Amino acid sequence: MSNMIATRDAYGEVLAELGAENGDVVVLDADLSGSTKTSSFAKKFPERFFNMGIAEANMVGTAAGLAASGKIPFASTFAIFAVGRAWEQVRQSVAYPKANVKIVATHSGVTVGEDGGSHQSVEDIAIMRAVPNMTVIVPADGVETKKAIRAAAAYNGPVYVRLGRNKVPTLFDDSYEFAIGKGCQLRDGSDLTFVATGLMTAQAVAAAEILAGVGVSARVVHIPTVKPIDEELILAAARETGAIVTAEEHSVIGGLGGAVAELLGERCPVLLKRVGVQDRFGTSGKAEDLLKYFGLMPENLVEAAKELLGKK
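To convert, note that position 130 of the sequence shown is 123 in the working numbering; the numbers rise steadily by one, no gaps.
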């Protein structure tokens, strides 16, 4: 792991690349293009960029109209606004008619930091996962973000991509192949499996390294597409290791942990521990301090793993 880059920065870069490659790509933003990094696209293709102002519902509705006319719209704002203020338009105008709209939300999770609990979206994965026809993607790093955005542009249908504010470690190189609905195993192991998404995947890798130092063999599975989830990869890990620890920068209710619990409950019941935000709102603080405060550090994953291993 090296090369720290924010997933929102990678989004800005690949969006400008896509704009040069495909004239049907259009971008909408809700007066936050400097923060969401859609400003890169706006500078290069001003005629295909639409600042909709602080009117997120209107932005999503307009994106649906552009999709109906054959364009490939990317609509961006902070996660709390994309999923919260525009909820009805996301459901009725995008998901219900299967409109080809890509909602790419930045500033998700508690690492939004000092903006505080009102702006820290810890329920957006759960909300979007419950919407029929919606694909939900949570990249782990900048490399995966670029590949995921390209996959979203090529995919015909509604997509929600969850990005972050802060720089995160780079886990993948250019040889990595992203595919919607597919996860990947980053580390083999036989005693238990970490199933992680977003920035928590790097934390899971670090936790597995700590456990290796005390003789515990931990597998690490990365799930970038929370919906549709890679069932076979997770079920294989459950059968082969007998214990699963999920990790996400999101509520443990309805997100990755919920998706994995539902899958295992129906098809392969094994020991399970969900690491994430424990049914509460965020709070103000520095990103790193908040990861510690909410128990989202490698040592918290190590503790969860040891708890499960004590039950095996």
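Calculated directly from the structure, the hints in this document are not laboratory data.
From a predicted model like this one, the values you see are computed outputs, not experimental measurements.
Please note that a few of the clues may not be correct.
Stated by the list, open to error - In silico DSS-like cross-links for lysine-lysine, where the CA-CA straight-line distance does not exceed 30 Å: (1) Lys285 with Lys160; (2) Lys305 with Lys279; (3) Lys299 with Lys140; (4) Lys279 with Lys304; (5) Lys266 with Lys279; (6) Lys175 with Lys220; (7) Lys279 with Lys160; (8) Lys299 with Lys279; (9) Lys36 with Lys175; (10) Lys175 with Lys305.
Against the structure, the hints come out as follows:
Among the hinted pairs, lysine 285 with lysine 160 is consistent with the structure: their alpha-carbon atoms are about 17 Å apart, no more than 30 Å. Note on lysine 305 and lysine 279: the hinted pairing is violated, with a Cα-Cα distance of about 37 Å set against a maximum of 30 Å. Between lysine 299 and lysine 140 the CA atoms are separated by roughly 35 Å; this puts the pair beyond 30 Å, and the hint is violated. Between the alpha carbons of lysine 279 and lysine 304 the distance comes to roughly 35 Å, so the proposed pair goes past 30 Å and is violated.
As the CA atoms of lysine 266 and lysine 279 are separated by approximately 26 Å, the hinted pair is consistent with the 30 Å bound. A hinted pair counts as satisfied when its Cα atoms are at most 30 Å apart, and lysine 175 with lysine 220 qualifies at roughly 10 Å. Between lysine 279 and lysine 160 the CA atoms are separated by roughly 13 Å; this keeps the pair inside 30 Å, and the hint holds. A distance of roughly 28 Å separates the Cα atoms of lysine 299 and lysine 279; the hinted pair therefore holds under the 30 Å criterion.
Proximity of lysine 36 to lysine 175 is assessed by CA-CA distance (about 34 Å); at most 30 Å being required, the pair is judged violated. Taking the CA atoms of lysine 175 and lysine 305, the gap is about 29 Å. The hint holds against a cut of 30 Å.
Violation of the numbered hints given earlier is confined to hints 2, 3, 4 and 9; the remaining hints are satisfied by the structure.
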